[in-house]
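Build out the structure end to end from the sequences listed, making use of the hints.
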Amino acid sequence: MAFSDALRKELQEWMALYPEGRQRSAVLPCLYAIQRTYGYCSVESQNELGDMLGMTPAEVGAVVGYYHMINEEPKGDFHVEVCTNVPCMLRGANQCMHHLEEKLGIGHGQTTADGQFTLDHMECLGSCATAPMVQITEKATGKLRYFEELDSAEDVAKLLDLVKSGNAFHTQERWTPDADPNSEGVGAGPYRIGGMEERFLTARIGKPNSHQIDTYMADGGYETARRVLTEMAPEEVIEQVKASGLRGRGGAGFPTGVKWSFLPPTSPVRYLVVNADESEPGTFKDRAVMEYDPHQLIEGIILAAHAIKTDRAFVYIRGEYYFGYSRLWEAVRAAEAKGFLGENIFGIEGKNLKLVIHRGAGAYECGEETALLTSLEGGRGHPRLKPPFPANEGGGLYGRPTIVNNVESISNVPHIMRRGADWYKGFGTEKSPGMRIFCLSGNVKYPGLYELPHGVPLGELVYTHGGGTQLAEAAVKAICPGGLSMKLLTSDQMETQLDFEGVQAAGSLLGSAGIIVMDERASMVEVARRTVSFYREESCGKCTPCREGTTWLEKILIRVENGGGRLQDLELMEHLSKFIERRSFCPFGDASVWGMQSGLQKFRGEFIELIEQTNPSQIGPDIPIRPIYRPDTGQDSGLHTSTLPMVGESPLIRDKADVAADD
Amino acid sequence: MTDLVTLKIDGHEVSVPKGTLVLDAAAKLGIEIPIFCSHPKLDPVACCRMCLVEMSGPRGASLQPACAVPVAEGMEVNTQNENVRSTQEMMLGFILVNHPLDCPICDKGGECPLQDQTMRFGPGISQLVEPKRHKNKEHLISDTIVLDQERCVVCWRCIRYLQEWEDKPQLALFERGGETLIDIQHGQPVDAKTGGNIIDICPVGALTNRVARFNFRPWQIERTPSIDPHYSTGDNIRIDTRTHQIRRIVGRENMQVNDQWIADKTRFAYEWVNSDQRLQHPLVRKDGELVPASWSYALQYVVDRLKEISRKNGADAIGGIGSTKLSNESNYLFQRLMRQFIGTNNVDHRNGGDVAALATGLPALADIMKPQYGPNPKVDTIFLVGFDPSEELPILDIHLKRAVLRGGAKLIIAHPRQIELTRYKGPHLAYKPGSEVTMLNVLTKLAMSAGEKNDAELSKLLTGATQQALKDVCDVAVDEAKRAAELLAQSENALIIYGPMAADGPNGPQVINALTNLAMITGHYERLAYIGLDANSQGCRDMGVLPTKLPGHAELDDAEARARLEQLWGCTLPTEPGKTYKQMLDAAGGAIKALYVMGADPASERPDWAANLDKLDLLIVQDLFLTETAQLADVVLPALSWAESNGTFTNCERRVQRAPKALTNPHTKAAADWMILDHLASRLGANWPYADEKGVLHEITEAVPIYRGLTWEALGDQGLQWDAAQVRPTAEYRQAVQPEATASAEYPFALVTGTVSYDGGNMFALTKQMHNIAYGPIVGISPADADRLSVADATPVTVSSPYGALQVQVKISEQVKPGTVWIPESLPQSPVGALLNGSSAEYVKIEA
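Protein sequence lines, in the order shown, are assigned to chains A and B.
Residues in the first sequence are numbered from 1 upward in steps of one, following my numbering.
Residues in the second sequence are numbered from 1 upward in steps of one, following my numbering.
There may be inaccurate statements among the hints.
Distance condition first, Cα-Cα at most 30 Å in a straight line; then the derived DSSO-like pairs of lysine-lysine [to be verified]:
#1 B:K8 <-> A:K578
#2 B:K135 <-> A:K75
#3 A:K9 <-> B:K425
#4 A:K578 <-> A:K602
#5 B:K168 <-> A:K386
#6 A:K386 <-> B:K28
#7 A:K143 <-> A:K75
#8 B:K378 <-> B:K18
#9 A:K9 <-> B:K168
#10 A:K75 <-> A:K158
#11 A:K143 <-> A:K338
#12 B:K168 <-> B:K135
#13 A:K386 <-> B:K18
#14 B:K41 <-> A:K386
#15 B:K137 <-> A:K75
#16 A:K578 <-> B:K135
#17 B:K811 <-> B:K768
#18 B:K8 <-> A:K386
#19 A:K242 <-> A:K386
#20 B:K132 <-> A:K578
#21 B:K453 <-> B:K471
#22 B:K425 <-> B:K471
Think of the hints as simulated: they come from the structure by calculation, not from any bench.
Note that the coordinates shown come from a computational prediction; the quantities given were computed from them, not determined experimentally.
Spelled out as structure tokens, the structure:
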């Protein structure tokens, strides 16, 4: 294989986006380009790409193997992936999968005979309020689109007809059956947004052309950035953000201004990286901001970059957010045209900011900040040792001090700089100031995004804003208050204040503010299994407890679900999870077991009931016998073209017979 | 690093240097913390979580990996409490959950850290009732290394070795989560020449040795510390034997030499020792056929014929060829026999008297290894002339890579090929073979101006060394040479190493003169070194297997040395300088009537030599195999290998090291070199006083002043270096004259030779697992020339010079410079010597 000149040129353009000598950062965008060109990334193409990027074939292969969205084998013309994670499961993802299987006549992981459709499942696509949903990738163009609210068999049929008609990919905006009565493939617009009377972060979402720079500027956009960059010193910006008390919205809640002040003052090269790898199941807030108000984020980036004195920023967006990714690039180009990004921005001599949107390729772990940096550097998304922390010399992107902030955190910055720290502190609580975009999903009547001040009671969110439970007859059973990795709350905890301290006091964490409501119909065994399955699938594989522990837990849970459980399995699971927690390399280990642990603790009766019903005699499983181990040592390796003939016999004549008999 | 930090581990106070890892601080107290991924020679990755211990910190006590966290003042560490012990137990539980537990048929069983730690720290019982995960159990990641992905615990040691030492990330993690596995990219096997070291450092039985697999059980083997027989770095090895056979070779730590690493050829290519092609008994030619004979008959025949020829044609009609592959003891006795009984100085070895070598060797390998352990490398710049460590000395190669990558050393390369080490972007002077002198003279001139040192005497010697000559004669870019000159002038401690290729033939003395001038003016004369490539290249010279040198590098007319040796040996030494290796072989059948060849195979080097050898009145060959030379012999004496007898070898930095007898072969009549020579001596009328090889070494310590005190006992198992200052020539500027180049329209290509690790020699070729990676009969051609000649890979071509022709196959290589072709020495069925006449610089043509 040899790349065409056009492809080679495109790859070189991707490579040019990254700093000199860091061209391997372009490995994912280049692989996407190769996949679009050839339909998949063959080993030969990987090796040829490695040559261009200065990577060995094994290094490229390792990257390809890590990211689920890069295929080493061709898929169908349309790759249909159904989200089956907990929020979707609660709203009928299983039925959606069955409808697809029925209509397409294929099972999970299969491709139709005509090569048109491949069907797979996928873990949380950030579309929890509009479940059930699928993502479809068009092989010929590499374009990817979300098709949502596929509640019935008719909806699925309508979707497939649309795809077959060829009208499905002229836009990448999300599609719903209801919003497209004539099957023209039109976009459905943003999903439900609500909350306070006057909203800020989500104020513009839903307005016509809210993603365009003209409307953003008409609403006063970029004025704050212009003023701050002209009038305020970086230290003053940091002070104002510190004073606002803004805390990180990615999950850990670390004060943003304090983080910024950690940068070593003397280092000449530093980076800003925006974490847009929103992958925590139950979380879909950053998606809406990027799709419908990207300039708000870019203005925040300009302000943050000014504060930390960098001229280079990256947005690392998850690969599935193709629409948001496209819109962000569009917005970057528009901002560059206006002189807000690029060189001498806002007309200030010597003030530069280059912003690159970097698309991930399907790996939850890349939301962990050090894993994100490793991924951005062109590697597998493995977390790295801390210290040094990203803000330290040696710890960040390319070893340089780096600030990593969540999209929502950065989006708060323009508002804080425009209206002041005191205004901001007028919202929320003393320790958790400001407003929050809560992602409400699961069994509620109106799932969606609700922008509310920190401290709003859980009950108010669920009943006042969310309209209560999905069905009148099914009461709330459990609530996951901060994305799937957090411990479950129960229906008697509706008074819990939704701020960092309040949720912690209730025995869980606010995390990414993804609130998943489960009603009485949900099986807590299935919830636990799907939670663990998600983490098993997304574990990066670096450390022992997470890699082996999640696999083991999943096997036990599947067995329990299938009727082979024993009561001692519950203790075993508790024991295992205790040793994954706080022993793993990164916080992923904790996240992988907290949900299951709390489910087991709070709904133990359900597990016991299932086991006693399905396996009353507590019979353990049969363990299969191991195969013959000792293979032949004398065979030609086939790894090289021989220039010398083989001589002599195998040193293990007797094994040869064994192996032959075995074959 | 003098700052000490004091902390408490399990209640015991300990003070260690700042930066020490908790793991090492605990070890200092004798507290063992179990590990898998951590390795003292690799950077921490902290992925196995086996070493989690409780450490106090600003946010209270927490479990932290001891392998990655440095000590802190006042830190309290607990390695024994319930929390830590239950964690250790469970981590092993996690590791074992998908491990196949096939210990009974696992090579690692019995010496496996996973087994040992399971016994000491693991759970007593498995809680697993699920089916285990299945992966590939016999996965070849190279021709010599087998990966069992089920046994693998994903500790990354192998990945990190290839990355951090070889700088060749050819292994990586693929897939993720529970499916994570170590693998190569499909179709791209590990080709690092020291890749086999990952077998030694694998903490489980995941990586096994394809040559040794299933051939040993660790508790049944005998272990003998020894020395690698292939390379002049003298890498320390351990030979594992059972029932008179070598079962395995592994690396042995010597921090002065090889760290703990050995090359793949060292590790895997040992099948020749136990080969059934080995000579079992003496052979004597009768009626044109070599037929088995008794030792007494064969030895008496040798003695009688030698006496007869000596009587008839004089002592100088007899010559002896020793070997750089054999021990000091074998070579010492060999030259003693030739000088004492035959009475001739016609004694030499391949790359001996024909190569302008320096006796001093490298200052110390540790000077290059230094950077990995401390911030102050002793050597800051390394200049390689006509030497390709990646092919010729793989362990030196990884030392150099570390010096560059971790020590910040600068690398300058003068080599006609774009050798692997040029990837570090140091100056590369891709000179035309044969133009070394001009290149070095110009470099000297440039270094003089770069270092602002004006030496009138030297300037006078360099009048012809112009930048124009650099372009015309050497085809080297002036800018590259300027970069190199600047680095050498700026360097405080530069090491200049030249190989046999640069100093061969009539060119040699001129090259050494030019190098001396360069080294002197840049202040690096003490670190100018010739490097021989074979295991005993240095020792063979030290022992006086040279036509113009007595043992200890003494001149033939050195009265003190003569007196010492004559008294010790009880004889009068010959005074006339002898013939060199090439001279003897060229004269064989002419002035030379008889040759005694020990451990060499000149017939395979050049067809005309083979013809000459056939014309001899007497050819005695002492060897392990019936080589091409042995097939021409009148008497063949079967010898024992380095593993079957005691011996010492002197490496490229003058370290004398022991290679003790590791096995006996009760079925063979072959005898050790010293014993054969000793018996010949007694039949020649003397009674040598040796009881064994150690006795020979004892005599060497008396006969060779630089070896004084280096007895078998004193050497120990890490060896001792002798002092180079005793034999270093006085520094003086010398005229270096460029010999004429011989390019012509008919023969347009400059021939590049040199050696490769995976050649056609018996010591490599008899290991069948390595056949696929061996070089065949090839000629390396640049892509541009291949295009011009319309030849592709594997096209059969004829390469010819005025002296001969070779049938070889084309191998297109980016490493080869247009206008040159590359044919390494010792390739099977393609003796490059057929094209040469006295020097390794020659011009050739290629015809399809």
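Checked hints:
Between B:K8 and A:K578, the direct Cα distance comes to roughly 27 Å. Compliance with the 30 Å bound is thereby established for this hinted pair. Proposed proximity of B:K135 and A:K75 is supported: the alpha carbons are some 24 Å apart, at most 30 Å. For the hint linking A:K9 to B:K425, the alpha-carbon distance of about 26 Å falls within 30 Å, and the restraint holds. Proximity of A:K578 to A:K602 is assessed by CA-CA distance (about 16 Å); at most 30 Å being required, the pair is judged to hold.
At most 30 Å may separate the alpha-carbon atoms for a hinted pair to count; B:K168 and A:K386 meet this at roughly 26 Å. For the given pair, A:K386 sits about 25 Å from B:K28 by alpha-carbon distance, which is consistent with the 30 Å threshold. Taking the CA atoms of A:K143 and A:K75, the gap is about 14 Å. The hint holds against a cut of 30 Å. Of the pairs offered as hints, the one joining B:K378 and B:K18 holds, with about 23 Å between alpha carbons and a cut-off of 30 Å not exceeded.
For the proposed pair A:K9 and B:K168, the alpha carbon gap of about 28 Å is at most 30 Å, so the pair holds. Between the alpha carbons of A:K75 and A:K158 the distance comes to roughly 22 Å, so the proposed pair stays at or under 30 Å and holds. About 28 Å separates the Cα atoms of A:K143 and A:K338, which keeps this hinted pair within 30 Å; it holds. For the given pair, B:K168 sits about 25 Å from B:K135 by alpha-carbon distance, which is consistent with the 30 Å threshold.
Between the alpha carbons of A:K386 and B:K18 the distance comes to roughly 18 Å, so the proposed pair stays at or under 30 Å and holds. For the hint pairing B:K41 with A:K386, the CA-to-CA distance comes to about 21 Å; that is within 30 Å, so the pair holds. With a C-alpha separation of about 29 Å, the suggested pairing of B:K137 with A:K75 holds against the 30 Å cut-off. Proposed proximity of A:K578 and B:K135 is supported: the alpha carbons are some 28 Å apart, at most 30 Å.
Pair hint B:K811 plus B:K768 holds up; C-alpha atoms about 22 Å apart against a cutoff of 30 Å. For the suggested pair B:K8 and A:K386, the alpha carbons sit about 23 Å apart, so the restraint of at most 30 Å is met. Using a Cα cut-off of 30 Å, the hinted pair A:K242 and A:K386 holds, with the two alpha carbons roughly 24 Å apart. A threshold of 30 Å between alpha carbons decides the hint, and for B:K132 with A:K578 the separation of about 22 Å falls inside it, so the pair holds.
Of the pairs offered as hints, the one joining B:K453 and B:K471 holds, with about 24 Å between alpha carbons and a cut-off of 30 Å not exceeded. Proposed proximity of B:K425 and B:K471 is supported: the alpha carbons are some 21 Å apart, at most 30 Å.
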